[in-house]
Amino acid sequence: MLRVDVPIDLAALADAQDSIETYLETEGAPTALALRVRLVVEELLVNLVMHGRFAAQPPPAARVAVAFEAGRARLTIEDAAAPFDPRGGKAPVALRDIEAAPTGGLGLPLVRRMAEILDYGRTEPGWNRTELLITGVS
Amino acid sequence: MRFDVVDLGPSALKLVLVGRLDATTVGMVETPFTATVAASGKSAVLDMTGLEFLSSLGIRLLLSATRVVSRRGGKVVLFGAQPMVAEVLEAMALGDLLPAVGTEAEAMAHLVA
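Protein chains in written order, with the working numbering: chain A, 1 to 138; chain B, 139 to 251.
Just chain B, same shape as in the assembly (with noise of 0.2 Å):
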């Protein structure tokens, strides 16, 4: 599991997850993982195309990055899930939440609705 972080300007970050996030991973990220959307003050765009699997454990981490991004002011949209990624999200009823789009151009479109 390991994630990249591409600047997308003044008001937004890219964060491109690959691997699978589940318990025995997520403690490689979480940290960092974190600490990059806090550090940034940006809103946060989560390419989720690698991501191949995600847990509960996952999911607490995607929450507690958004709620980093949230008191900041910013949203959180993820975009590209594989169809077990989104079948999770759907089954947690977490749209709302981590609204997850198609395509990156969605997402961004998302972050200034």
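Bound-form chain A, shown alone (with noise of 0.2 Å):
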């Protein structure tokens, strides 16, 4: 398992990206694999950035932690904002006038295509905790 501290900032962002992607294919996973856990942990933690409410400031880092087994990635990621359950909203709508196509909120549709949220809950005063399930291409 891998556990990194990723600051609540865009540029911290590529670093743990890169980390979790090493760690993967080190441990062997798929490119397509990692390519997919590395796309979630964007979304998600581009969302804190963006739109995470924090009562501390700077905000504490969150922590990630990633471990591939039986040929699939368990991400865990928790934080410091709000209470925000990112296991609601719609599922994508196909488009066809790109007048009303969204400037924004595309992320969190995207994790929940491409990952099974298998819990959010608090497990802490103040902390969000998320536990994901990544698998291969479908």
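Just so you know, the hints here were simulated from the structure itself, not pulled from any lab data.
C-beta: ideal position from N, C-alpha, C; glycine also.
Treat the hints with care, since some could be wrong.
Stretches of chain B that chain A covers, calculated by requiring three or more beta carbons in the stretch to come under 8 Å of a beta carbon on chain A [to be verified]:
hint : segment
1    : 143–157
2    : 160–170
3    : 193–204
The following label-pair restraints were derived from C-beta to C-beta distances [to be verified]:
hint : chain 1 : residue 1 : chain 2 : residue 2 : range
4    : A       : Arg122    : B       : Gly240    : 43 to 51 Å
5    : B       : Val144    : A       : Gly28     : 36 to 44 Å
6    : B       : Pro221    : A       : Asp15     : 21 to 29 Å
7    : B       : Val250    : A       : Pro30     : 52 to 60 Å
8    : A       : Ala32     : B       : Ala247    : 27 to 35 Å
9    : B       : Asp234    : A       : Gly104    : 18 to 26 Å
Bring the two chains, given one by one in their own frames, into a single complex with the hints.
So this is what it looks like as structure tokens:
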């Protein structure tokens, strides 16, 4: 298992993603799976940077853990933002009018398509805990 | 992340995307990319063969550029997407707005269809 603390800052994202991708490749995960995990990590952490509401400033780093087991990746993200359950929301709907296309809010629908959100809860005062399972290309 | 521009004649421009288009890199190309398609006044084919990774912020850029081209009466067609990129586009149900085909020839045919 790899554990990495990621500052709530876009500048810190790439290093964390690289560490996670390298870990998965070292463990023998297929490239497609490693890229899926990289994507899910990005979308969730970008969401925290852009929309997370934190009581403390600067916000505490998010705690990210990844384990590759039985051909799948189990991803856990803990953060100190205000409560936010990523399981809600609608699936993407095909759009035909470019003027109606969304200019934001694409990240979480993408997460829900790329990962199974196993659990969400509050584990200690002020912290969210989201657990996801990411499998290979379906 | 970088993009190269190839003039395909009076009605189309090819933009060749290379690298990873994500939260870290989108800021490097967002302004010049959109400005290029806006200034050309042409339709655009996006060569995705060298694009290894696409996240939602990258999709937002592609949609923004498509909106600019569409308002000038043009089209945007993608071709040669790698599996990860194709998977993301499919997952977001964007096939009508960002049609993706296999080859440049198919993309050019799509522009005149």
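For each hint, the structure was consulted:
1. 143–157: violated (count 0)
2. 160–170: holds (count 3)
3. 193–204: holds (count 8)
4. A/Arg122 / B/Gly240: 43 to 51 Å: holds, 47 Å
5. B/Val144 / A/Gly28: 36 to 44 Å: holds, 39 Å
6. B/Pro221 / A/Asp15: 21 to 29 Å: Once the Cβ atoms are compared, 25 Å apart, the range 21 to 29 Å for A/Asp15 and B/Pro221 holds.
7. B/Val250 / A/Pro30: 52 to 60 Å: violated, 39 Å
8. A/Ala32 / B/Ala247: 27 to 35 Å: holds, 29 Å
9. B/Asp234 / A/Gly104: 18 to 26 Å: holds, 20 Å
Hints 1 and 7, counting from the list given before, are not met by this structure.
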